[in-house]
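Enquirer: As a plain string of letters, each chain reads:
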Amino acid sequence: MRKLLVTSLAIAIAAAFVGTRAWADSSDSARVGDIQYGNALDPSGWAPLAWPDPRGFSWLHAGMMRTPSGVLYPYPPQSDDKGSPLYKDSDWVYSGFLQLGYIHQGGDTGAEFFRQYAGWEDGIALGLFALHADNPKTGQYVEFRGSRLSGDDQYYRLRAGQYGSYKIEAFYRDIPHDVTTNAYPLWNGIGSTNLTLPAPLVPGGSTPAEVAAVANARPRQTIGLTRRREGLSFEDNFYRDWTGYVSIVNEKRTGDRLWGGPMYLNYILQDNGGALETVRPIDFTTTDVSMGLRDVGTVWQFQLNYTGSFFRNHKDELDYQSPFALTNVVGVPQVANIYQGQFSLEPDNDYHNLRAELSRSLKWNGQFSLAAAWGTMRQNDPLLPPVTCTGTGGIFISPSADYTFNCADWNTSAALSQQTANARIDTGMLDAKITLHPSPKLGWHAGLRWYREDNKTNYLAFNPLTGQYGYIAENGSQGSIIPGQIGIFDPRNPLYASYVTQVRAIPFGYTDAVFDTGIDWRVSENNTFNVTYSFDRDQPKYRERKLVNEQRIKLSWVDRALGKGTLRLDYEFAYRNGGPYNYDPYAPFYSIALPGFVTPPLGNVAFTTDAMRKYDLGNRIEHKLHATLIYPIGDTATISAIAYATRDDYSAAIGRQATRNRGFDLSWDWQPSPLTSMSANLGCADSSLDFSNVADNEDATGAPGRDDPSLGGPLFPLANQWQSLDHERDYNAGLTLRHDFGRVRADFSYTYTYALGRIDYLFASPGALPITQQPFVDGVGNAFPDNHYHINTLQLGFDIAFSRMIGMRVFDLFETGSFADWHYAGLQDNLVIDHRIYTDLGPQPHYSANLIGVMLNVKL
Amino acid sequence: MTFTTRVALVASIALPAMAIGVALAAMPRFDDLRKQAPIRGDAAAGAGKAALCAACHGSDGIAVAPTFPNLAGQSATYLYVQLRAFKDGARDNAVMQPLAKTLTDQDMRNLAAHFASLPGKSAPQKAHEASRGAIVFHDGDAAKGVPPCQGCHGVDGRGPHPDPTSTAPQPAWSTFPRLAGQNAPYVLEQLQVYHDGTRVGASNDKVMQGVARNLSAADMHALADYVSGLMGSDCPCK
Chain A
1 MRKLLVTSLA IAIAAAFVGT RAWADSSDSA RVGDIQYGNA LDPSGWAPLA WPDPRGFSWL
61 HAGMMRTPSG VLYPYPPQSD DKGSPLYKDS DWVYSGFLQL GYIHQGGDTG AEFFRQYAGW
121 EDGIALGLFA LHADNPKTGQ YVEFRGSRLS GDDQYYRLRA GQYGSYKIEA FYRDIPHDVT
181 TNAYPLWNGI GSTNLTLPAP LVPGGSTPAE VAAVANARPR QTIGLTRRRE GLSFEDNFYR
241 DWTGYVSIVN EKRTGDRLWG GPMYLNYILQ DNGGALETVR PIDFTTTDVS MGLRDVGTVW
301 QFQLNYTGSF FRNHKDELDY QSPFALTNVV GVPQVANIYQ GQFSLEPDND YHNLRAELSR
361 SLKWNGQFSL AAAWGTMRQN DPLLPPVTCT GTGGIFISPS ADYTFNCADW NTSAALSQQT
421 ANARIDTGML DAKITLHPSP KLGWHAGLRW YREDNKTNYL AFNPLTGQYG YIAENGSQGS
481 IIPGQIGIFD PRNPLYASYV TQVRAIPFGY TDAVFDTGID WRVSENNTFN VTYSFDRDQP
541 KYRERKLVNE QRIKLSWVDR ALGKGTLRLD YEFAYRNGGP YNYDPYAPFY SIALPGFVTP
601 PLGNVAFTTD AMRKYDLGNR IEHKLHATLI YPIGDTATIS AIAYATRDDY SAAIGRQATR
661 NRGFDLSWDW QPSPLTSMSA NLGCADSSLD FSNVADNEDA TGAPGRDDPS LGGPLFPLAN
721 QWQSLDHERD YNAGLTLRHD FGRVRADFSY TYTYALGRID YLFASPGALP ITQQPFVDGV
781 GNAFPDNHYH INTLQLGFDI AFSRMIGMRV FDLFETGSFA DWHYAGLQDN LVIDHRIYTD
841 LGPQPHYSAN LIGVMLNVKL
Chain B
861 MTFTTRVALV ASIALPAMAI GVALAAMPRF DDLRKQAPIR GDAAAGAGKA ALCAACHGSD
921 GIAVAPTFPN LAGQSATYLY VQLRAFKDGA RDNAVMQPLA KTLTDQDMRN LAAHFASLPG
981 KSAPQKAHEA SRGAIVFHDG DAAKGVPPCQ GCHGVDGRGP HPDPTSTAPQ PAWSTFPRLA
1041 GQNAPYVLEQ LQVYHDGTRV GASNDKVMQG VARNLSAADM HALADYVSGL MGSDCPCK
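Residue numbers (my numbering), protein chains in the order written: chain A, 1 to 860; chain B, 861 to 1098.
Derived by calculation from the structure, the hints in this document are not laboratory data.
In this text, a Cβ means the ideal position worked out from N, Cα and C, and glycines have one as well.
Careful: at least some of the hints might be erroneous.
Once the Cα atoms are required to be at most 20 Å apart in a straight line, the calculated EDC-like pairs of lysine to aspartate or glutamate come out as [stated by the list, open to error]:
#1 B/K986 - B/D1079
#2 B/K895 - A/D635
#3 A/K252 - A/E230
#4 B/K895 - A/D53
#5 A/K137 - B/D1001
One-sided and incomplete, this derived list gives chain A residues near chain B with beta-carbon spacing under 8 Å [stated by the list, open to error]:
#6 W59
#7 L60
#8 H61
#9 A62
#10 G63
#11 M65
Let the hints inform the model, and build the full structure from the sequences given.
Expert: In structure tokens form, the structure reads like this:
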């Protein structure tokens, strides 16, 4: 009887919803594009349509219902009970909304943080255009929504279909991303693949003063990109429980971003080398395809899905010129003039994945599911020659110490062992899960998942023209400054027969198996207990460990007996260990594994210290604690509190040693009626990372014991060890308020964000410092200057209704912020420091910007 | 200040106020019953005011003609909000509106308490539980989007049976009428006005619009016949 009553009420409540024309979004498997649409003007998306209906949620009762955990559902958005007929006697009815107006900016409108993801422009802006038409008799519908701030910041979405039958969705979207608004790139050709020096600078022949004179006169530029996304999907319930779907999404990213340009070290080699902050083009296209079949029966469920992703980079390389001359450190006449640099940019690649899932409902309210997938990732772009230099590179000391190389032997694709990459990684996955509920108070689940990533890439860096192995380092600059450090191994030449360099691609891969099981036990009406155990067995290939095991246990307790509140406590403990740790598993891919390699009398310099433990493989103990309290205050308010703490301890003398994360979030939500709502939130997050490393003893690299990897040995003395503590604390707060006065609706929001970063360090002796800093050890201190990021944003808006159809929105957005980062310290005075060229001055230290808008609201 | 100025000042304030008043007066009244609390009244005092009501609804609350509703045993709060709706113009009826305008709020509470205290009508014949009306009343018609009537009017038609342990927002149960033993012609007429969307003055009317708009004429007849046959005594909805 009671069940029947509840059922009846549910149906009655459904029938009594005040709005019959839905503006709300719904999810489906064939969705294309973004789940959330929005822009800087309307970050949450569809805000003009989201004002709560003053009639409330239901004609049956006042107020709002709560979720099972006690959170109030928001009031439904306002909607018309019925739209206007499309034409006389038409079964189709429509309704719509248009918000169009003018936006004007003032203050520091070029500030990076003000427009990082916002295409603000003075002028006409389309806040929202929404049009919905449906046919209640047939269940067919068409819906369009769009917004436009500028040509780089806009979105449009079209949906159509028939309820319970088919649906079509198409979208187009532009999203801006300004990387920096304070850039002064030196080169000509920004945005292209060829950066050339402006006159009067001479490639490889200009002094820092000459470069600075040109660089400091360059105009300020914005470096950024735009993501253009478009997609189309179709889903059809074509036969009984069977649904087919297909979707395609294309994303094109165009623009540029800050990049590098190495010409070997400059810090330790004054008036030599080169470190250049260049600008690279962005011209990517990614096309994602998804199609499949789904059968959702009452007992059996089946899904077959194919996903493909196709990345295309329309700019294959970046060529740049360095203005600085290189000088060899041995003082012989410089025979090389290396100033040409080249980057190989991201290659085109394809991804395919085929996945099948089968599920069956079991007795005891249970389910068994089995999934299998196979995938492959491939790229086979033509390979670029190792260098673009011409003439001679390297250093000529004497006929018996001739460390030169002929650029012509390396600047051609004939210098490659293969013409295309022929890279391939295959993946396989099997996943089985079972869930049973033998009683309403008890549930049990178990799962077994197996996954393999098989890397079939096998590239050998061998030059058939010279018979040498390896790759010319840093465009040939390194070998033109330091004798012999060209980057190549040659078993026939004593000068290079002991040179250690990587000669093969390392085909990283792994096989991972995870077993998990757990029970859910409802101890009493208001208390639920959950325990889960998992065992993860990872077998990486060509890594420091061949076996890594991690066991994890998670305990959860949910209590609903605290008045009307819900308290959830989670504790998680994980322990990771594994097989023996090999500090140098990469030797097979280095020249030392090739025939003809001559081990020097003093041995090879140790690859790294054997005390190093990489954080993804090393032993680790992890504790996680998470508490959530949701407490209703009367019928109209809710207080939520979340506190969490995570601690990871790594058994590593060298490497990552510990991380800590802790924080809290408090929020208060109040919706006394559909006309008024208010919320406030406060949060704090604190994280730290302890890290230790040891500097090489440069004096030991040419002495006995250089092959000793032990910490405390000649190459890695304890005196050279250092430790850093990276600490970050973030605060955020917010307040929102909105009220419907009738003809006037007001909304107010304030957000506050503050981030503080600090890096402390300790070192055992000056030997732990970079060589350039060792003479200044007394001024090194024990911390970098603090970094901070501070933003206040205030928004106030009024919607004024002149009639049922016509209204106006007036709003103001004010933002102020400050920023400090020691990485940019000193660049205000000069973007060129010795042989280092910087492009980005960094975000403005202080800014204030204001934006006002007047929009016309029209109901259609 | 001259006389002319005074007149102009008064007029400039009074005329817009009058215009707003006229506009408000012209607006149809709407009774939002979702926060309506159960009412109390003096049944004895109400009995003293019920003489005029008896002309149609009978001295014992049993209507003299089946086109009029029986009031005996009806929910007091339901009766009160209906009288208030007639008085305020939220519910349209040429006979009841002028009568209700003469009543004070306390009169309406007392009258409601009086009729609620009277025993309900005993059905002349037992309702047929296999009829179409019984099916719609108890199970609704999901295919047509018709919820079962018993969800709000009770499985026996004697008014709702709320779950006292529920923590969900509750309807104003006391504003839902009992239907058991109600006169079939009257029930049919009300279903028809809900179906046609002409009784819209209260939030409960919105609920009934959603229910009745998908009812066929035959179903409305069947429902009216069925509820009139439900036993009306011992109503728990007073």
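Enquirer: Does A/D635 sit within 20 Å of B/K895, going by the straight-line distance between their CA atoms?
Expert: Status holds; Cα separation ~13 Å.
Enquirer: Against chain B, with CB atoms and a cut of 8 Å, does the hint on A/A62 hold up?
Expert: holds, 4 Å
Enquirer: Holds or violated: A/K252 and A/E230, Cα atoms, limit 20 Å.
Expert: Measuring from Cα to Cα gives roughly 9 Å; hence the hint holds.
Enquirer: For A/K137 and B/D1001, compute the direct alpha-carbon distance and say whether it is at most 20 Å.
Expert: Judged against 20 Å, a Cα distance of about 18 Å means the pair holds.
Enquirer: Taking the least C-beta to C-beta distance, is A/L60 closer than 8 Å to chain B?
Expert: Nearest chain B Cβ about 5 Å off; hint holds.
Enquirer: Using 8 Å as the Cβ threshold, decide whether A/W59 counts as touching chain B.
Expert: holds, 4 Å
Enquirer: A/H61 was flagged as interface toward chain B. Is the shortest Cβ-Cβ separation under 8 Å?
Expert: holds, 4 Å
Enquirer: CA of B/K895 to CA of A/D53, is that 20 Å or under?
Expert: holds, 17 Å
Enquirer: Interface hint check: A/G63, Cβ to nearest Cβ on chain B, cutoff 8 Å. Holds or violated?
Expert: holds, 5 Å
Enquirer: Would the pair B/K986 and B/D1079 pass a check requiring their Cα atoms to be no farther apart than 20 Å?
Expert: holds, 19 Å
Enquirer: Taking the closest Cβ pair, is A/M65 under 8 Å from chain B?
Expert: holds, 6 Å
Of the numbered hints listed earlier, not one is contradicted by the structure.
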